[in-house]
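S.K.: Chain by chain, the residues run as shown.
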Amino acid sequence: MIVVDQLSKYYRVANKQPGFKGTLKHFFDRKTYDVPAITDISFKISSGEVVGFLGANGAGKTTLLKMMCGLIHPSTGLVDVVGFSPQRRQTAFLKEITLVMGQKQQLIWDLPPMDSFYVNAAVYGLSDHEANLRINELAEMLELGEELTRPVRKLSLGQRMKSEILAALLHKPSVLFLDEPTLGLDVNAQARVRSFLSEYNKRTGATILLTSHYMADITALCPRVICIHKGKLFYDGDLDLLANSLSPSREVKVELKNPCASEQFEKYGEIQDLNDRFVCLLVSRDKLTDVVSNLLTDFDIIDLEISDPPIDQLIGELFKKGEVN
Amino acid sequence: MQRYFKTIRLFWSTALASQLEYQLNFLIEFLAMLGTLCGSIFILSLFFTEGRELGDWTWESALVIQGVYTFLDGLTNALLRPNLTEIVNYVREGTLDYVLLKPIDSQFWLSVNKFSFAGLPEIILGISIVFWAAIQSGSTFSLYSLFVFIISLLIGFVILYSVWFLIAASSIWFVKTWNATEVLRALLAAGRYPISAYPVVLRFIFTLVLPVAFLTTFPAEAILGELKFNILFYGLMLSSLFFVFSRYFWMFALKHYTSASS
Chain F
1 MIVVDQLSKY YRVANKQPGF KGTLKHFFDR KTYDVPAITD ISFKISSGEV VGFLGANGAG
61 KTTLLKMMCG LIHPSTGLVD VVGFSPQRRQ TAFLKEITLV MGQKQQLIWD LPPMDSFYVN
121 AAVYGLSDHE ANLRINELAE MLELGEELTR PVRKLSLGQR MKSEILAALL HKPSVLFLDE
181 PTLGLDVNAQ ARVRSFLSEY NKRTGATILL TSHYMADITA LCPRVICIHK GKLFYDGDLD
241 LLANSLSPSR EVKVELKNPC ASEQFEKYGE IQDLNDRFVC LLVSRDKLTD VVSNLLTDFD
301 IIDLEISDPP IDQLIGELFK KGEVN
Chain B
1001 MQRYFKTIRL FWSTALASQL EYQLNFLIEF LAMLGTLCGS IFILSLFFTE GRELGDWTWE
1061 SALVIQGVYT FLDGLTNALL RPNLTEIVNY VREGTLDYVL LKPIDSQFWL SVNKFSFAGL
1121 PEIILGISIV FWAAIQSGST FSLYSLFVFI ISLLIGFVIL YSVWFLIAAS SIWFVKTWNA
1181 TEVLRALLAA GRYPISAYPV VLRFIFTLVL PVAFLTTFPA EAILGELKFN ILFYGLMLSS
1241 LFFVFSRYFW MFALKHYTSA SS
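Just so you know, the sequences run in chain order F and B.
The first sequence finishes on residue 325 if you use the working numbering, and the numbering steps up by one all the way, no holes.
The second sequence finishes on residue 1262 if you use the working numbering, and the numbering steps up by one all the way, no holes.
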């Protein structure tokens, strides 16, 4: 449904040295060069998939997203979204997609969201009847009620974001581009937006492409992630597999009835921490079951906890390290 | 086409609702508008006091020009200024992205999105002055002269719009656009007086280079039944040229925008 093939985007820039001499040189003998924003990225996304785009700030996520919705022309390579070339922005294509940007709003600030909805409905050629049906349906899913008749400027950030999403989905798009849709929302509001997106995907089979700084968004919504680092793709696949390959071990925390010496634990795994009756071990995933059952038989254990190192921490480390296959 | 009409209707009804949302502001704007109106009428009254000549125009026919000017000024305040000065904000805040992804012409959206109702009385006053003064000067309207008048008004408006839109579109590059609005208003103000009241050089410039004559003088001549057909034809060509150029320039600017933003 979405095909991105050997896509690259360069920005032409010219550097200027400071001072008057630099200005003169900049005027008469301008040296320009291309800065790559996206280099040779290829992937395919089937319809109905929910895909998360991960990357540090400036990695090229937004550039990539904007090339897929037709706002930025690619330098080289090919993008195909539901059979269209996005940069031509044909009407039939625009009716298939939508874009939600967490940091930019399209609702009319001084009026209730309802007024903006009707404007959008007219722009997309929906009849009043169709628009009303659609607004009711989405408002119910988003748990929006009387907020829709209150001026946007008086809504909370969470209510505003939900209204933005409603406005963006009126025309039943089949591909959703979401750029940081939960930015700045509190934990509850984030969770509501997430559960809505997941439900919407199940109900309509729409494809969702999402960038977010909140790892929780990605882990909750996206079985598949595409990681971008410095404009290059370095991981495309299952989120769980990425977590596994990033951290082959899991943490096992044990609370003992009686204090034990550290030597007794060395055979089970790498000791992270040992403090009186508390032990924290790093155990590789394949040995995990054996180690846990051995621990339970060998020691008097009050409590045992197994956890993954947090994924955002792992990804953060990954970006710091740079190129990882 | 029907979709575009419905969109305009909704644009303007939401614009009215937005303006009514702030009652005090609306009241102040209304008072300011009344003040401007009184100012215009005072300037007009000066025309009646002395018996001087302006170019080869009589007072009544010069008044027709004032009427056309008032009408165009009202249209500027109602439609051009609220919309075209907003384009720079769309660019700066990046909300132009939303406009570009709507299945509707982006130039259309940006040009008619807002409507300031404070400009409406000026529009009505302008038209009233035109007809009153035309009757005073002894002009007998025919359907033909009315038709030519409407066409020549349209020509003037399209030229003004296109030039303004061109400058607004340049904000794609110079995000903080220079205060071109004032230049345009000065240009329009030059159209308060008959073009023949200016020295020959200016007359030439205002007809051929900066087509001020098309904004006010020619529509006034049209209602007075004095407009030459070849001028009308030239105006039609010129305004189409301006309009087409503004469209091409917008397309060109957009290519730049899309490749410059991220």
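Hints are not guaranteed to be accurate.
[To be verified] Examples of chain F residues toward chain B, derived with CB under 7 Å:
id, residue
1, Leu71
2, Phe84
3, Arg88
4, Leu94
5, Leu99
6, Asp110
7, Met114
8, Asp115
9, Ala122
10, Gly125
11, His129
12, Asn132
13, Val291
14, Leu295
[What the hints assert, rightly or not] In silico lysine to any residue, SDA-like type, Cα no more than 25 Å apart, as pairs:
id, chain 1, residue 1, chain 2, residue 2
15, F, Lys95, B, Glu1021
16, F, Lys154, B, Arg1092
17, F, Lys154, B, Glu1086
18, B, Lys1255, F, Ser307
19, F, Lys154, B, Glu1021
20, F, Lys95, B, Phe1206
21, F, Lys104, B, Gly1094
22, B, Lys1255, F, Ala189
23, F, Lys104, B, Phe1174
24, B, Lys1006, F, Gly58
25, F, Lys154, F, Met215
26, B, Lys1006, F, Gln105
27, B, Lys1114, F, Thr32
28, F, Lys104, B, Met1001
29, F, Lys287, F, Asp238
30, B, Lys1006, F, Asn136
31, B, Lys1255, F, Lys154
32, F, Lys172, B, Glu1021
33, F, Lys172, B, Met1251
No wet-lab data here; the hints were simulated from the structure.
For each residue, glycine too, the CB sits at the ideal point set by N, CA and C.
S.K.: Each of the hints needs a verdict: does it hold here or not?
M.R.: Right, here's what the structure says about each hint:
1. Satisfaction of the interface hint for F/Leu71 is found here, the shortest Cβ-Cβ separation to chain B being roughly 5 Å, below the 7 Å cut-off.
2. At a threshold of 7 Å, the smallest CB-CB gap from F/Phe84 to chain B is about 12 Å, leaving the interface hint violated.
3. At about 12 Å, the closest approach between the beta carbon of F/Arg88 and any beta carbon in chain B exceeds 7 Å, and the interface hint on this residue is violated.
4. Evaluation of the F/Leu94 hint against chain B yields a held restraint, the C-beta minimum of about 4 Å falling below 7 Å.
5. The closest approach between the C-beta of F/Leu99 and any C-beta of chain B is roughly 6 Å, which is under the 7 Å cut-off, so the hint is satisfied.
6. About 5 Å separates the beta-carbon of F/Asp110 from the nearest beta-carbon of chain B, less than 7 Å, and the hint is met.
7. Residue-level restraint check for F/Met114 is violated (minimum Cβ-Cβ distance to chain B is 10 Å; threshold 7 Å).
8. With its C-beta approaching chain B no nearer than about 5 Å, F/Asp115 sits inside the 7 Å limit, and its interface hint holds.
9. Hint status for F/Ala122 relative to chain B: holds, with the closest Cβ pair at about 5 Å, below 7 Å.
10. At a threshold of 7 Å, the smallest CB-CB gap from F/Gly125 to chain B is about 5 Å, leaving the interface hint in force.
11. For F/His129, the suggested interface contact is broken, since its CB lies about 14 Å from the closest CB of chain B, more than 7 Å.
12. For F/Asn132, the interface hint is violated, since its Cβ never comes within 7 Å of a Cβ in chain B; the closest pair sits about 14 Å apart.
13. About 48 Å separates the beta-carbon of F/Val291 from the nearest beta-carbon of chain B, more than 7 Å, and the hint is not met.
14. For F/Leu295, the suggested interface contact is broken, since its CB lies about 51 Å from the closest CB of chain B, more than 7 Å.
15. Distance check on the hinted pair: F/Lys95 and B/Glu1021 sit about 32 Å apart at the alpha-carbon level, beyond 25 Å; violated.
16. Only pairs whose Cα atoms come within 25 Å are accepted, and F/Lys154 paired with B/Arg1092 is accepted, the gap being roughly 24 Å.
17. Distance hint between F/Lys154 and B/Glu1086 is fulfilled; the C-alpha atoms sit about 23 Å from each other, no more than 25 Å.
18. Of the pairs offered as hints, the one joining B/Lys1255 and F/Ser307 is violated, with about 50 Å between alpha carbons and a cut-off of 25 Å exceeded.
19. This hinted pair checks out: F/Lys154 and B/Glu1021 have alpha carbons roughly 13 Å apart, not beyond 25 Å.
20. Between F/Lys95 and B/Phe1206 the alpha-carbon distance is near 45 Å, which puts this suggested pair outside the 25 Å criterion.
21. Only pairs whose Cα atoms come within 25 Å are accepted, and F/Lys104 paired with B/Gly1094 is accepted, the gap being roughly 7 Å.
22. Taking the CA atoms of B/Lys1255 and F/Ala189, the gap is about 37 Å. The hint is violated against a cut of 25 Å.
23. Of the supplied pair hints, the one linking F/Lys104 and B/Phe1174 holds, its CA atoms being roughly 21 Å apart against a limit of 25 Å.
24. The suggested pairing of B/Lys1006 with F/Gly58 is violated, with an alpha-carbon distance near 41 Å, which exceeds 25 Å.
25. Between F/Lys154 and F/Met215 the CA atoms are separated by roughly 29 Å; this puts the pair beyond 25 Å, and the hint is violated.
26. Taking the CA atoms of B/Lys1006 and F/Gln105, the gap is near 23 Å; set against the 25 Å cutoff, the hint holds.
27. Note on B/Lys1114 and F/Thr32: the hinted pairing is violated, with a Cα-Cα distance of about 40 Å set against a maximum of 25 Å.
28. Distance check on the hinted pair: F/Lys104 and B/Met1001 sit about 30 Å apart at the alpha-carbon level, beyond 25 Å; violated.
29. Distance restraint check for F/Lys287 and F/Asp238: the Cα-Cα separation of roughly 22 Å lies within the 25 Å cut-off, and the hinted pair is therefore satisfied.
30. Simply put, B/Lys1006 and F/Asn136 have alpha-carbon atoms about 22 Å apart, close enough for the 25 Å limit, and the pair holds.
31. For the proposed pair B/Lys1255 and F/Lys154, the alpha carbon gap of about 37 Å is over 25 Å, so the pair is violated.
32. A distance of roughly 31 Å separates the Cα atoms of F/Lys172 and B/Glu1021; the hinted pair therefore is violated under the 25 Å criterion.
33. For the proposed pair F/Lys172 and B/Met1251, the alpha carbon gap of about 28 Å is over 25 Å, so the pair is violated.
In this structure, the hints that do not hold are numbers 2, 3, 7, 11, 12, 13, 14, 15, 18, 20, 22, 24, 25, 27, 28, 31, 32 and 33, in rising order.
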